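Take a look at the letters that make up each chain.
Protein chains: 2
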Amino acid sequence: MGVQAGLPKVVKRRVNALKNLQVKCAHIEAKFYEEVHELERKYAALYQPLFDKRSDIVKAAYEPTDEECEWKADEEEELTDEMKEKAKLEEEKKDEEKEDPKGIPEFWLTVFKNVDLLSDMLQEHDEPILKHLQDIKVKFSDPGQPMSFTLEFHFEPNDFFTNTVLTKTYKMRSEPDESDPFSFDGPEIMSCTGCTIDWTKGKNVTLKTIKKKQKHKGRGTVRTVTKTVPNDSFFNFFTPPEVPENGELDEDSEAVLAADFEIGHFIRERIVPRAVLYFTGEAIEDDDDDYDEEGEEADDEEGEEEADEENDADYDPKV
Amino acid sequence: MGVQAGLPKVVKRRVNALKNLQVKCAHIEAKFYEEVHELERKYAALYQPLFDKRSDIVKAAYEPTDEECEWKADEEEELTDEMKEKAKLEEEKKDEEKEDPKGIPEFWLTVFKNVDLLSDMLQEHDEPILKHLQDIKVKFSDPGQPMSFTLEFHFEPNDFFTNTVLTKTYKMRSEPDESDPFSFDGPEIMSCTGCTIDWTKGKNVTLKTIKKKQKHKGRGTVRTVTKTVPNDSFFNFFTPPEVPENGELDEDSEAVLAADFEIGHFIRERIVPRAVLYFTGEAIEDDDDDYDEEGEEADDEEGEEEADEENDADYDPKV
Chain A
1 MGVQAGLPKV VKRRVNALKN LQVKCAHIEA KFYEEVHELE RKYAALYQPL FDKRSDIVKA
61 AYEPTDEECE WKADEEEELT DEMKEKAKLE EEKKDEEKED PKGIPEFWLT VFKNVDLLSD
121 MLQEHDEPIL KHLQDIKVKF SDPGQPMSFT LEFHFEPNDF FTNTVLTKTY KMRSEPDESD
181 PFSFDGPEIM SCTGCTIDWT KGKNVTLKTI KKKQKHKGRG TVRTVTKTVP NDSFFNFFTP
241 PEVPENGELD EDSEAVLAAD FEIGHFIRER IVPRAVLYFT GEAIEDDDDD YDEEGEEADD
301 EEGEEEADEE NDADYDPKV
Chain B
1 MGVQAGLPKV VKRRVNALKN LQVKCAHIEA KFYEEVHELE RKYAALYQPL FDKRSDIVKA
61 AYEPTDEECE WKADEEEELT DEMKEKAKLE EEKKDEEKED PKGIPEFWLT VFKNVDLLSD
121 MLQEHDEPIL KHLQDIKVKF SDPGQPMSFT LEFHFEPNDF FTNTVLTKTY KMRSEPDESD
181 PFSFDGPEIM SCTGCTIDWT KGKNVTLKTI KKKQKHKGRG TVRTVTKTVP NDSFFNFFTP
241 PEVPENGELD EDSEAVLAAD FEIGHFIRER IVPRAVLYFT GEAIEDDDDD YDEEGEEADD
301 EEGEEEADEE NDADYDPKV
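Protein sequence lines, in the order shown, are assigned to chains A and B.
When we follow UniProt numbering, the leftmost residue of the first sequence carries the number 1, and every step to the right adds one.
When we follow UniProt numbering, the leftmost residue of the second sequence carries the number 1, and every step to the right adds one.
Watch out, some of these pointers could steer you wrong.
[What the hints assert, rightly or not] Within a straight-line C-alpha distance of at most 20 Å, the following computed PhoX-like cross-link-like pairs (lysine-lysine) qualify:
| id | chain 1 | residue 1 | chain 2 | residue 2 |
| --- | --- | --- | --- | --- |
| 1 | B | K72 | A | K9 |
| 2 | A | K53 | B | K24 |
| 3 | A | K137 | B | K24 |
| 4 | A | K72 | B | K9 |
| 5 | B | K9 | A | K102 |
| 6 | A | K59 | A | K113 |
| 7 | B | K53 | A | K24 |
| 8 | B | K12 | A | K72 |
| 9 | A | K42 | B | K24 |
| 10 | A | K24 | B | K137 |
| 11 | B | K72 | A | K24 |
| 12 | A | K24 | B | K42 |
| 13 | A | K59 | B | K9 |
For the record, the hints were derived by calculation from the structure and aren't laboratory data.
Keep in mind the model is a prediction, meaning the values are calculated, not measured.
Chain A extracted, bound-state conformation (with noise of 0.2 Å):
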């Protein structure tokens, strides 16, 4: 506000009006936002026959047809039919070896893996159960209600938890803040909850047991004690912390729910829409891209900070 400070007083007058003008457009924007976010349901549901059948194929509900399987890619591959001869005799040992698989195999947990920001919450007694993960589904509030989404996690039967569905829901909002109005610039995620997860008995990897050894006041004798304590696991994302009535959080819960919410965020906006392409990695290329762009500052400490800075920007809840 330097600038204004110097200013002839009917002049800075004049820029309060602007300002005024100002706040009138961050209010016709957030009304923008909110038709976007309306042009979104109606394009989710277009995307999601297309999605309903890469769920059907990964799952093995349907064996896709010779034609739909087509990819221009692998005619152009320049191979003379020696070679050829020899992969198809390797991918025959290697069908023979997996015995005729079903589907496509830890679909979802192969993308969990090859992403960063989801493989870093990814713990080795979490892959059993995501193998285990069939679909990840977007769905949007209803119209006329609070701006929201819901991750949805469908599961297969298995071991682990009864459920077939983990639920994570999104609060948003789309209006500008009474007392900072120019900050706006659409969309953010709030808040968010979870999901109870019906563990099974012994199998809830959220938890661990530990062995403490305690020692009796008076007597001075030695016990071992067995304590239960909360475990690193992915499916700590079900139960984030919670934003108490005023509002305030802890340093370590307010650095939690920033990586969920960008969390959320990816999974909706990056990885449901083209889960395919982080399975095979070709998603994953292209970020791969920008990182090199930085490649001077490979050796540089603060490397890996500066990648998350980056990719702010996919995370930007902006459309």
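Based on the hints, put chain B in the right spot on chain A.
For chain B alone, kept in the frame of chain A given last:
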């Protein structure tokens, strides 16, 4: 594609089916962005009366009422009466010095100076010309026409050129590239065209005359010739490098165009919608906040480059 290579043939086949579904998704996405563009056109009409009023206030065609000039933050300032009195005297003194300024003098020039991306293009000789810039408008292509937008720079009559409007048009593309459908990520600027500036004789700041000594090959005598060569200027923005028929550009032109597209997008997305915030510096403070988060690297040689990288987020031609 490392993942795919190791897959059994029957699975690879199904992955190809998913990729074909993904191409269909990209085409639906293209339609989505076209509808968003329609929405932008609709909202441009809603913003326009506010922007017109802004322009009228800037160029003193309209004097805002006291009510329109009330700004909460002013009331909230906690100043002692003595301080207020002192400030008032200072302001009055300034007012006298400036001899009743009309509208908001040098509004757009100040915006240009406050935004690094624009001030980088600005030369000292451009400033007297940009004092005459009264408005920048964004005009979208008509429905059914190829997607594009035009930046209109409106000038008051001046001694430098006879045009009242200088224009720069950006053509966009919102459809997946046949040969690389997965790289599609929303409308992209594909090309731009400027306009002819009708410079008053001797006022063309995009050219300069240099004196060059020439030696006569035979006689060995030296004469001085005057040569006209290109000169750095913001007004070169209106004569971007032409893309030759074969579409191939030299490296320099490519860099100029990449920067140009970024600037065009930034003026459309940020400057025009929130000019007053760049005038006061309020929008810039936000940017500074972003830089501060990377403060640890302030001493880093790469520091500046990085800042640019981060800015890219804002210039992403997605909506």
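- Could you tell me which of the hints above the structure violates, numbers in ascending order? Of the numbered hints given earlier, the structure breaks none, since each of them holds.
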